[in-house]
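> Chains as they are written, first to last, in my numbering: chain A, 1 to 445; chain B, 1001 to 1445.
Worth flagging that the hints you see were computed from the coordinates, not collected in a lab.
Have a look at the derived ranges for each label pair, beta carbon to beta carbon:
{"hint": "1", "chain 1": "A", "residue 1": "D96", "chain 2": "B", "residue 2": "A1332", "range": "36 to 46 Å"}
{"hint": "2", "chain 1": "A", "residue 1": "E338", "chain 2": "B", "residue 2": "E1019", "range": "51 to 61 Å"}
{"hint": "3", "chain 1": "A", "residue 1": "R348", "chain 2": "B", "residue 2": "A1314", "range": "15 to 25 Å"}
{"hint": "4", "chain 1": "A", "residue 1": "S415", "chain 2": "B", "residue 2": "A1332", "range": "50 to 60 Å"}
{"hint": "5", "chain 1": "B", "residue 1": "S1198", "chain 2": "A", "residue 2": "S198", "range": "21 to 31 Å"}
{"hint": "6", "chain 1": "A", "residue 1": "R344", "chain 2": "B", "residue 2": "R1325", "range": "18 to 28 Å"}
List of simulated lysine to aspartate or glutamate pairs, EDC-like, C-alpha gap at most 16 Å:
{"hint": "7", "chain 1": "B", "residue 1": "K1266", "chain 2": "B", "residue 2": "D1416"}
{"hint": "8", "chain 1": "B", "residue 1": "K1311", "chain 2": "A", "residue 2": "E338"}
{"hint": "9", "chain 1": "A", "residue 1": "K311", "chain 2": "B", "residue 2": "E1338"}
{"hint": "10", "chain 1": "B", "residue 1": "K1311", "chain 2": "B", "residue 2": "D1333"}
On a predicted model such as this, the values are computed, not experimentally measured, just so you know.
Note that beta-carbon positions come from the ideal geometry of N, C-alpha and C, so glycine has one too.
2 protein chains.
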Amino acid sequence: MATPVTSLLELGMALRSRELSALEHVTTALERLAADTHNAVIVLDHDRAVAEAAALDDELARGGWRGPLHGVAVGVKDVIDVEGLPTRAGSNVLADAPPAAADSPTVARLREAGAVIVGKLHTHEFALGPTGDVAATGPALNPLDPSRITGGSSSGSAAAIAAGHLPLTLGTDTGASVRTPAAMCGVVGLKPAFGHLSTEGTFPLSETFDHVGLLTADVHSASVAWDILARPDGTGGGIQLPGVAGVRVGIPVDEYWRAADPVIDKTVAAAVERLQAAGAHIVEVRTPMIDELAAVYSPIVVGEAWATHGKWLAERPEAYQTGTRERLMPFADQSAREYIGALRTRRRLVPQLRAAVSDVDVLVLPTTRLRPTPIGVGEVEMGGTTVPVRPALLALTLPFNITGWAAASVPAAASDGGLPVGVQVVGVKLEERGVLRVAGALANG
Amino acid sequence: MATPVTSLLELGMALRSRELSALEHVTTALERLAADTHNAVIVLDHDRAVAEAAALDDELARGGWRGPLHGVAVGVKDVIDVEGLPTRAGSNVLADAPPAAADSPTVARLREAGAVIVGKLHTHEFALGPTGDVAATGPALNPLDPSRITGGSSSGSAAAIAAGHLPLTLGTDTGASVRTPAAMCGVVGLKPAFGHLSTEGTFPLSETFDHVGLLTADVHSASVAWDILARPDGTGGGIQLPGVAGVRVGIPVDEYWRAADPVIDKTVAAAVERLQAAGAHIVEVRTPMIDELAAVYSPIVVGEAWATHGKWLAERPEAYQTGTRERLMPFADQSAREYIGALRTRRRLVPQLRAAVSDVDVLVLPTTRLRPTPIGVGEVEMGGTTVPVRPALLALTLPFNITGWAAASVPAAASDGGLPVGVQVVGVKLEERGVLRVAGALANG
Chain A
1 MATPVTSLLE LGMALRSREL SALEHVTTAL ERLAADTHNA VIVLDHDRAV
51 AEAAALDDEL ARGGWRGPLH GVAVGVKDVI DVEGLPTRAG SNVLADAPPA
101 AADSPTVARL REAGAVIVGK LHTHEFALGP TGDVAATGPA LNPLDPSRIT
151 GGSSSGSAAA IAAGHLPLTL GTDTGASVRT PAAMCGVVGL KPAFGHLSTE
201 GTFPLSETFD HVGLLTADVH SASVAWDILA RPDGTGGGIQ LPGVAGVRVG
251 IPVDEYWRAA DPVIDKTVAA AVERLQAAGA HIVEVRTPMI DELAAVYSPI
301 VVGEAWATHG KWLAERPEAY QTGTRERLMP FADQSAREYI GALRTRRRLV
351 PQLRAAVSDV DVLVLPTTRL RPTPIGVGEV EMGGTTVPVR PALLALTLPF
401 NITGWAAASV PAAASDGGLP VGVQVVGVKL EERGVLRVAG ALANG
Chain B
1001 MATPVTSLLE LGMALRSREL SALEHVTTAL ERLAADTHNA VIVLDHDRAV
1051 AEAAALDDEL ARGGWRGPLH GVAVGVKDVI DVEGLPTRAG SNVLADAPPA
1101 AADSPTVARL REAGAVIVGK LHTHEFALGP TGDVAATGPA LNPLDPSRIT
1151 GGSSSGSAAA IAAGHLPLTL GTDTGASVRT PAAMCGVVGL KPAFGHLSTE
1201 GTFPLSETFD HVGLLTADVH SASVAWDILA RPDGTGGGIQ LPGVAGVRVG
1251 IPVDEYWRAA DPVIDKTVAA AVERLQAAGA HIVEVRTPMI DELAAVYSPI
1301 VVGEAWATHG KWLAERPEAY QTGTRERLMP FADQSAREYI GALRTRRRLV
1351 PQLRAAVSDV DVLVLPTTRL RPTPIGVGEV EMGGTTVPVR PALLALTLPF
1401 NITGWAAASV PAAASDGGLP VGVQVVGVKL EERGVLRVAG ALANG
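Isolated chain A (complex conformation) (with noise of 0.2 Å):
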């Protein structure tokens, strides 16, 4: 099997160059997900893909170039419209879902960049879990580690960058999605600012919270991929990555913030040293108003959810996996005062929370509270105590779906040598390209 090449510099240097040419870049992301191991990969868009390929080395033999995604592979999140291929979103609800009539907005874009979209990729059912391990189609492994979870929901979409297989997938991020299976798969993510990505032709968790995002090997390719969909004209080139001199971080330092995995909390410390000796000017910050914030998440999501899982759960319960259904039954009852409730306590403290950290430019913190977990296991030992599992993978990133701040997952050797550590850069005054900007500059490989 080919060798990956899994950063967006390289690659795009090397199909311009043509040293490389589409059809061949291409034809080995085909081979790999075709031979992966890690439950990564739905369904691959095989043929149109070669032609694509072989289309965009025309076009660059004749001298059209159509910016660094020209003749790049693509994998797409399960739950993402792709023209042709059915969106199953990892349920056997939609085990008969017909093709996509139409790419959604972001496919399209990528498309029109250059991009070689390859096929779907493994979600957590319905998005509706941060593991990975609940899916129609069995659950995803990790590919550091194949006997641990992916974290979800954009489990393919990670593990296949993690794998080599990819250098950009797309995913979604209501809660944690495209930053906790980063986190998990020692990969990027990044959740941009709330509607800064159309949620259009995607198959809605929650209208208030669904992000879409994407994921790449490093943070330049996140920033290679970012420039181009943030650009209206579609065209897109280098970008530069200054240093942080003068930028003010902000360390929340509540309780809530603190991770269970305590190599994590020393991971995270050590990057912020990275920041402070590249000139950062680091603050701690606190939130007192975080928790109850927090508790707003499930009451919009899982009630978001339900309006639109009801009808099907009454009708086919047996259709869904136990665990989905275990998350959405609970909800059924919930009143319309209570789901109102939750989005007027959103509106109030959500502002409470901007004017905390108001002095500073990002924060940054650990994306999960955990490492990643054995499969098919709710709660591990930490420390002689119990922890869940799921509100360990969440915790962390949900507050920035309720805020929709840009936040990216990128990852950190972990101080123990072991699996490595996601550390979250959240933008305040900052958007998508600082985010990046910061994240570049306290990764450390």
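For this one, chain A is given, so just place chain B on it according to the hints.
For chain B alone, coordinates are given in the frame of chain A:
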């Protein structure tokens, strides 16, 4: 009692030339309000108003002129905060409300522009009703016929204009509440587009549909006031009302939009003929989704109202007026699913409605299906049919709270010589100034 001056044009000229002092004008308004026989007044801010009027006279004498509202008396619906006065929202539930700590943003903007806030005006209890006859302070009486309703919920704001007490009042409009009382009382009401005036400092009925609006005696006065409120620098200035030649006017012809009172349809048709004679292009439009779209109104409004009132209704049901309690109680058990479903239907159908009317600049249609009905009457006989009053006063206005488009009601002399008819102008391509331009062209005195 002094003769009223209700035109902001005439009043502004008289005040600026010092032919009339602000103190004289404000004192007259206070006297008229104190002697009001339509139950339009909740409380007067007499001493502050007199002091401010005198100070504005001094300011003008020194050459300081704040614009066309300099020294103009303004009344405010008692759901909108005015510093130092309680906001009681027409309810015994808020009988002990403390004085508001600050002006709502629109009140503050008016004061900066030289307006003198003279007091708070009658509202239907909690703004939850289009009739104006359900309130802790009793029903408001229509100055055109005191045996009939003013419409609501901005009942006092419309009555105070119609009675000649004031040239400008503020109201709120969640489904009808500026336009319907304007129509009932023969005055002009403007509901700006959603979000164009802040609802901060306003007792909420529905965060999804609440709008702050204004009422005046004539269209030109509304334009003068809107010009102040819409301009961030607070400076006003005369506004031109050119013709409507070339403006595309849509007439919705589906059954939904038909009035119950045939005089209303006849009068609106005559107004449309005047627009056509003035050079407007008249186009029939069809809106097949309107019944389904209109049906989202109650689940959203009353669901949100229940989220506010549920606790109080459980604790102090007797503090509510019977009509208000009866309107709220059916929503006690509303599910989040139903509420979220209504929001989703709205998101799906509003673009369809916009597409259906995309060929026109404005819509012109009746404001209400009935003219003012007797106070306290829930149904009327009309052409051999029983017509429930409440929906007849909501149905034609609430669609534009759902869409959030700017809309105004302007009075037209009825074809039968009876009580005037409200003609509604709704902005599709045009916003507030364009709506008022068309409204000015179709008004016939």
